[in-house]
Every structure is written in C-alpha cells, then in structure tokens.
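Kindly produce the complete structure, drawing on both the sequences and the hints.
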Amino acid sequence: GAGVSQTPSNKVTEKGKYVELRCDPISGHTALYWYRQSLGQGPEFLIYFQGTGAADDSGLPNDRFFAVRPEGSVSTLKIQRTERGDSAVYLCASSQGGSNQPQHFGDGTRLSIL
Amino acid sequence: GESVGLHLPTLSVQEGDNSIINCAYSNSASDYFIWYKQESGKGPQFIIDIRSNMDKRQGQRVTVLLNKTVKHLSLQIAATQPGDSAVYFCAENTDTDKLIFGTGTRLQVFP
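So the protein sequences, as listed, match chains A and B.
Per the working numbering, the very first residue in the first sequence carries number 100; after that it's consecutive.
Per the working numbering, the very first residue in the second sequence carries number 272; after that it's consecutive.
Note that these hints are calculated values from the structure, not bench results.
Possibly wrong hints are sitting among the right ones.
[Claimed, not checked] Derived CB-CB ranges, DEER-like:
(1) G197/A <-> E310/B: 22 to 30 Å
(2) F165/A <-> D288/B: 42 to 50 Å
(3) N199/A <-> F381/B: 22 to 30 Å
(4) G196/A <-> Q352/B: 43 to 51 Å
(5) T106/A <-> K327/B: 20 to 28 Å
[Stated by the list, open to error] Computed footprint of chain A on chain B; a stretch qualifies when at least three of its residues, placed anywhere within it, have a C-beta under 8 Å from a C-beta of chain A:
(6) 297 to 308
(7) 312 to 326
(8) 356 to 369
(9) 373 to 379
From the three backbone atoms N, C-alpha and C, an ideal C-beta is built for every residue, glycine too.
Take a look at the structure:
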C-alpha cells in the first residue's frame, strides 16, 4: 500500500519568506508526527497529532513554526519569516496510534533557505 | 542526493559477514525501541522493534538485543549484503510517544 507522502520533495526560498510543507499519512493512521533532521544527525521531534489535535508540540523551536491537521488526515507544517537556520530535511511519520506502535516515515522535504 | 551522516561513526564489513551495530539510549523509562535504516535522500525505514519486556527479538536476517541494565541496544545483521549499506539509527519511544533518535552509524559493505 501507499506509504507516507510528503510534498514538495525540495523547497528553496529566500530568508523571510513563508513556507508550507505537506504530509499525507498512511491511510487509517490516526497519529502523525513531524521531525526535523539536520545533516549528520538523527531526526528531532517537532510536533505530534492524535487525530485533529496536537497532543504534543513541545519540539517546535519557536512561534514561527505552526502545524495543522484539520480533518485528522493530511497535515501542513507552516514556517513564517524563514531563517537560514531553518534549512533542514523535514520528515513526517504516521502510526496507528496507541502505545508502542511503529512510526513509518516519508522521504521528507529538503528545505533550503537562501 | 544529499548524504546522510557525513561524520557519523562508520562500520565497514565484508559482504557475507555479520554486522553488529550498537546504540546507547538515554531514558530508563523508555519502554519501546525501534531500529531504522536510512539511505541517502530517503526517510528512515522501519527495520525491527522491541518492547522493554523482551531482551531479544528476531526478524528476517536481523536480531535486536536489549540490555535495560546498561541502557544498550544492538542490531545484528546476518550475512550482510551490499544493499544493507546505509545509516542506521536506534530510537526510543518516550511516554509521550515521540521518538528520540540516537547518533546513527554508517554501515559500509565491501564486496
């Protein structure tokens, strides 16, 4: 079946611009996660949705970052007033929800801020 | 494409040999652990998981060992193949279901 789909695969924009990154989870998965991965490091948690609500947003670095999941399926990560330090690969994962369920990742969006 | 883990610890093995990748985790309260494989330009791919009430779990060509006393995980790959070349991450699942990833190890397989 289809895995987690993320679009765009690459995004290049100028400092100060607004960007939206989209994630389509595996069908039927109630839990959705966003992570950020910098070169040479493991993914770092940003935010977790259970259904439509953000169950844990403790990883969002500041108020320029925001994510939504209005219908409990597709999620959008939004970054305002982008900075060069926001450049990274943004990964989305989904799981069936509940405890101890494996998270399955998409291939990410590579964001480059010039 | 962009390379994952340019300065990660590297394990080099000959094709057909067994590989052992080690990982130390941080939170003694973590109760679920996952190993992921990440190829360049791709997202982490689920390999195998283990719950804290187990100390060993086997899959196809892979075995995960968990030592809770010293907070240590290992991934054993039998008969390593060139297609196994990638960066491998362990991840621990916290009580809030977010994953904390380890540093990662690059596995290089030589013919």
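Consistency of the hints with the structure:
{"no.": "1", "hint": "G197/A <-> E310/B: 22 to 30 Å", "verdict": "29 Å, holds"}
{"no.": "2", "hint": "F165/A <-> D288/B: 42 to 50 Å", "verdict": "48 Å, holds"}
{"no.": "3", "hint": "N199/A <-> F381/B: 22 to 30 Å", "verdict": "36 Å, violated"}
{"no.": "4", "hint": "G196/A <-> Q352/B: 43 to 51 Å", "verdict": "34 Å, violated"}
{"no.": "5", "hint": "T106/A <-> K327/B: 20 to 28 Å", "verdict": "40 Å, violated"}
{"no.": "6", "hint": "297 to 308", "verdict": "holds (count 4)"}
{"no.": "7", "hint": "312 to 326", "verdict": "holds (count 8)"}
{"no.": "8", "hint": "356 to 369", "verdict": "holds (count 6)"}
{"no.": "9", "hint": "373 to 379", "verdict": "holds (count 3)"}
When the structure is compared with the earlier hints, violations turn up for hints 3, 4, 5 and for no others.
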